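Taken in order, these protein sequences are the chains called P and Y. Take 1 as the starting number for the first sequence in this note's numbering and just add one per residue. Take 205 as the starting number for the second sequence in this note's numbering and just add one per residue.
Don't take each hint at face value.
Restraint ranges, calculated between C-beta atoms of paired labels, are given here [claimed, not checked]:
#, chain 1, residue 1, chain 2, residue 2, range
1, P, Gly159, Y, Asp229, 48 to 56 Å
2, P, Leu125, Y, Glu276, 50 to 58 Å
3, P, Ser203, Y, Glu277, 21 to 29 Å
4, Y, Arg219, P, Gly159, 52 to 60 Å
5, P, Gly159, Y, Thr244, 36 to 44 Å
On the chain Y side, residues computed to face chain P include the following (Cβ under 8 Å) [claimed, not checked]:
#, residue
6, Val223
7, His225
8, Ala226
9, Leu228
10, Asp231
11, Pro247
12, Met250
13, Val252
14, Ala253
15, Pro254
16, Val266
17, Asn273
18, Glu277
19, Ala278
No lab work stands behind these hints, which were simulated from the structure alone. All figures in this text were calculated on a predicted structure; none of them were measured in a lab. C-beta atoms are modelled at their ideal positions from N, C-alpha and C, and glycine is treated no differently.
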Amino acid sequence: MVEYSHAIDAQISEELRRSGRVSPGSIPGLSEEQGAAFLRRYLKIHQAEVPLRLEEGHLTYDTPAPSQPQVTSGGSAVSTGPAAASQRPSPVDQVLSQPVGRSLLDAAPSGGRVSGALWLLPFSLGAVGGLIAWALARETNERVARQMLIVGVVLTVVGFCLGAAMAPMLGSLSSQLPSPSSTGPAWPASTTGRPVFYYFGTST
Amino acid sequence: MKPVVDGLERTHGDRVDFVMHANLDQDGTASDLARARGVTAVPTSMLVAPDGTELKRWVGVVSEAELRNAFEEALPR
Numbered sequence: 001m002v003e004y005s006h007a008i009d010a011q012i013s014e015e016l017r018r019s020g021r022v023s024p025g026s027i028p029g030l031s032e033e034q035g036a037a038f039l040r041r042y043l044k045i046h047q048a049e050v051p052l053r054l055e056e057g058h059l060t061y062d063t064p065a066p067s068q069p070q071v072t073s074g075g076s077a078v079s080t081g082p083a084a085a086s087q088r089p090s091p092v093d094q095v096l097s098q099p100v101g102r103s104l105l106d107a108a109p110s111g112g113r114v115s116g117a118l119w120l121l122p123f124s125l126g127a128v129g130g131l132i133a134w135a136l137a138r139e140t141n142e143r144v145a146r147q148m149l150i151v152g153v154v155l156t157v158v159g160f161c162l163g164a165a166m167a168p169m170l171g172s173l174s175s176q177l178p179s180p181s182s183t184g185p186a187w188p189a190s191t192t193g194r195p196v197f198y199y200f201g202t203s204t
Numbered sequence: 205m206k207p208v209v210d211g212l213e214r215t216h217g218d219r220v221d222f223v224m225h226a227n228l229d230q231d232g233t234a235s236d237l238a239r240a241r242g243v244t245a246v247p248t249s250m251l252v253a254p255d256g257t258e259l260k261r262w263v264g265v266v267s268e269a270e271l272r273n274a275f276e277e278a279l280p281r
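Isolated chain P, as found in the complex (with noise of 0.2 Å):
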């Protein structure tokens, strides 16, 4: 299964540029159900961007209509006609044009493969193993990455609980060994009262 990725967002944009209309069978590695599936994305994300519009299953330009004024980055109306037009750098060129960003793209991870190892953070290190791993796979995949901050946190929760329901079973454990020499009567108690010096060794 392909996902939607900046790669083929590209794809779209370059093909879009090129022949001013994307067909959903257009995109290389697709087949055409799935190529109709990320145009209709293409153009969810990039519709605030460029004015785009499907046209039977086509992704084309929404050209506005000639008499409408258009409007510029700071406000002012600009002149309309075919010579403006002419002149008009394309949908893509002006988004092109604006600033690199976060653009909503960027918002919406494209569920990228994440590293089989980072589970091991959340499985060693508890929640803050999860914190690290989700931290370094947001970016790449935000479900997994949120799976691994769920599974340390849980982890850590499930472990205090263990620790909490077995201190009295280790407590009273530890009451079951050898007290150390100095507290217990270890020794019979001494029948005159006194303290007792035990000796064992040799007769030299």
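Once you've looked at the hints, dock chain Y against the given chain P.
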């Protein structure tokens, strides 16, 4: 070590009970008792309070002065 203990018995025998097992190599009963008390090497000496609490254990040869000090600390003033 045994002469040191004998000397202490002479000076402190009226205030401290002395239990001597000086022939562990021949006395099987004493050997069993020593094993039960966790004695793993000879000589081993223990000072036990009247209630049976082990106050001090010495493994190996120990000086008379050290034993004497321990006795003085253990005895009621």
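Cross-check of the supplied hints:
no., hint, verdict
1, P:Gly159 x Y:Asp229: 48 to 56 Å, "holds (54 Å)"
2, P:Leu125 x Y:Glu276: 50 to 58 Å, "holds (55 Å)"
3, P:Ser203 x Y:Glu277: 21 to 29 Å, "holds (28 Å)"
4, Y:Arg219 x P:Gly159: 52 to 60 Å, "holds (56 Å)"
5, P:Gly159 x Y:Thr244: 36 to 44 Å, "holds (39 Å)"
6, Val223, "holds (5 Å)"
7, His225, "holds (5 Å)"
8, Ala226, "holds (5 Å)"
9, Leu228, "holds (6 Å)"
10, Asp231, "violated (10 Å)"
11, Pro247, "holds (3 Å)"
12, Met250, "holds (4 Å)"
13, Val252, "holds (4 Å)"
14, Ala253, "holds (6 Å)"
15, Pro254, "holds (4 Å)"
16, Val266, "violated (10 Å)"
17, Asn273, "violated (13 Å)"
18, Glu277, "violated (10 Å)"
19, Ala278, "holds (5 Å)"
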